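Visitor: Sequence:
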Amino acid sequence: MNKQITNLDNNIEFFYKRNENTPRVALCMNFSINNPEKSAGIYVLMTRLFLQGTKNRTAEQLAEELDSYAIEFSNELKQDYLRFRFVCLNEDFSKALEIMSDIIKNSTFEEFDKEIAKMAGEITAELDSPRAKVSDGYYKTMFENHPYGNTSTKILENIKNITKQDIIEAYNSILQNSKKVITFVGDLDFDSVLPELNKNFAELPNDKDEKNLIPVEPLTSHRDTEIIKPDANQAHLLKGWRVPSYPDKDYPALVLLNIILGASGLSSRLFLELRDKKGLAYVVRSSYEPLGLCGNFSIYIATEPKNIEVSLAGFKEEIEKIKSIPVCEDELENAKNNIIGKWAFTTETNNQQACILAHHGIMGLGFDFLEKTKQAVKAVTSEQLQQCANRYFNDNYVYAVLKP
104 MNKQITNLDN
114 NIEFFYKRNE
124 NTPRVALCMN
134 FSINNPEKSA
144 GIYVLMTRLF
154 LQGTKNRTAE
164 QLAEELDSYA
174 IEFSNELKQD
184 YLRFRFVCLN
194 EDFSKALEIM
204 SDIIKNSTFE
214 EFDKEIAKMA
224 GEITAELDSP
234 RAKVSDGYYK
244 TMFENHPYGN
254 TSTKILENIK
264 NITKQDIIEA
274 YNSILQNSKK
284 VITFVGDLDF
294 DSVLPELNKN
304 FAELPNDKDE
314 KNLIPVEPLT
324 SHRDTEIIKP
334 DANQAHLLKG
344 WRVPSYPDKD
354 YPALVLLNII
364 LGASGLSSRL
374 FLELRDKKGL
384 AYVVRSSYEP
394 LGLCGNFSIY
404 IATEPKNIEV
414 SLAGFKEEIE
424 KIKSIPVCED
434 ELENAKNNII
444 GKWAFTTETN
454 NQQACILAHH
464 GIMGLGFDFL
474 EKTKQAVKAV
484 TSEQLQQCAN
494 RYFNDNYVYA
504 VLKP
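With this note's numbering applied, the sequence shown covers 104 to 507.
It is worth saying that the hints were derived from the structure and are not from the lab.
Predicted model, so just to flag it, every value in this text is computed and none were measured.
Built from N, CA and C at the ideal position, the CB exists for glycine as well.
It is possible that part of the hints are untrue.
With a straight-line cut-off of 30 Å between C-alpha atoms, the simulated DSSO-like cross-links for lysine-lysine are [unchecked claim]:
hint, residue 1, residue 2
1, Lys-257, Lys-424
2, Lys-332, Lys-267
3, Lys-314, Lys-257
4, Lys-106, Lys-257
5, Lys-106, Lys-267
Computed beta-carbon distance windows for the label pairs [what the hints assert, rightly or not]:
hint, residue 1, residue 2, range
6, Ser-232, His-325, 47 to 53 Å
7, Ala-173, Asn-301, 36 to 42 Å
8, Lys-445, Thr-109, 28 to 34 Å
9, Glu-474, Thr-109, 15 to 21 Å
10, Ser-276, Asn-499, 31 to 37 Å
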């Protein structure tokens with residue numbers, strides 16, 4: 104195995120990792136989003152239209168060609184960047200790269216009207232889920248007046264106002280004004296991969312990541328939102344705080360707080376206390392979501408409507424406990440082993456490795472971020488966890504509830 108970091112002729116950063124004796128290669132290319140979308144839904148719709156045809160291929164031709172070569176291709180919109188990736192047999196790398204290049208550089212966004220109708224239908228169906236609906240209300244409240252809060256309901260309200268020209272302008276803006284990162288993981292020689300990348304992408308402009316993003320305003324008080332769903336037979340509660348993201352010194356501690364509170368399944372505190380001991384929860388969990396501009400730490404429970412107040416009291420009790428009582432060494436060590444084990448599990452395949460490396464690259468964290476973070480996690484103390492909990496789990500929170 105060997106690794107190299109270099110730049111394409113146009114300074115696009117390229118990370119190469121050789122994994123020998125693997126029959127399929129993986130490539131990931133990320134484009135930073137440096138400008139907020141003009142209105143909610145433009146970027147989502149643009150992303151859905153990338154496989155609807157190019158200047159050189161119809162949607163049917165794209166589908167047939169990808170299928171005939173067994174190329175697994177996808178594009179996804181994240182909060183801070185746009186991702187294209189493929190997995191293919193080693194011998195089909197050049198073909199897969201040429202198809203990706205065609206999609207990225209020559210998409211024509213056909214089937215615009217049909218895709219709008221399809222997307223509206225899918226969003227409506229998705230929002231029939233109480234869990235999705237309470238999450239929608241939570242994020243819309245947490246990130247009020249910010250693109251991070253462009254949730255499904257906001258997109259649905261705005262979708263009929265989006266034009267094809269909006270899509271084309273957004274596409275050109277991202278193509279022309281973005282930092283780009285490429286990662287490759289597989290069993291091909293570096294000297295054969297780099298020329299192919301230059302051939303396909305060296306003419307693309309590579310912005311030095313001059314961002315024009317709207318800052319996330321501080322959360323200076325608590326915000327509540329209530330959603331009434333008459334046909335619901337459960338109540339869904341989501342409570343969360345703004346916290347730091349990746350580069351912050353508290354990132355490793357926040358990762359571990361999440362594992363201890365509710366992200367380690369049956370052994371997590373919220374599960375043991377609110378479900379096992381008190382019988383309150385159908386589902387209970389915590390989540391830590393680091394984004395480009397901030398992080399979000401939340402706790403969630405699905406319970407009977409009559410248990411809303413006692414569930415909130417349970418949330419408060421567990422948060423106060425982790426703020427006031429040091430985590431014991433065994434629990435801390437188990438949390439460290441848990442997250443390091445999860446990271447190992449989610450970086451097993453070439454595709455997983457390419458995607459996580461490209462994620463760290465486009466977020467400006469460096470391609471060695473995961474290894475550095477593992478060491479930082481191992482060094483976290485119980486005292487640091489307690490300080491971190493007291494620093495961020497305060498009265499400036501968002502609380503969303505969905506109930507009958």
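Visitor: If a hint holds in the structure, say so; if it doesn't, say that too.
Guide: Okay, the hints, checked on the actual structure:
| no. | hint | result |
| --- | --- | --- |
| 1 | Lys-257 - Lys-424 | violated, 37 Å |
| 2 | Lys-332 - Lys-267 | violated, 34 Å |
| 3 | Lys-314 - Lys-257 | holds, 24 Å |
| 4 | Lys-106 - Lys-257 | violated, 43 Å |
| 5 | Lys-106 - Lys-267 | violated, 42 Å |
| 6 | Ser-232 - His-325: 47 to 53 Å | violated, 26 Å |
| 7 | Ala-173 - Asn-301: 36 to 42 Å | violated, 26 Å |
| 8 | Lys-445 - Thr-109: 28 to 34 Å | holds, 31 Å |
| 9 | Glu-474 - Thr-109: 15 to 21 Å | holds, 20 Å |
| 10 | Ser-276 - Asn-499: 31 to 37 Å | holds, 34 Å |
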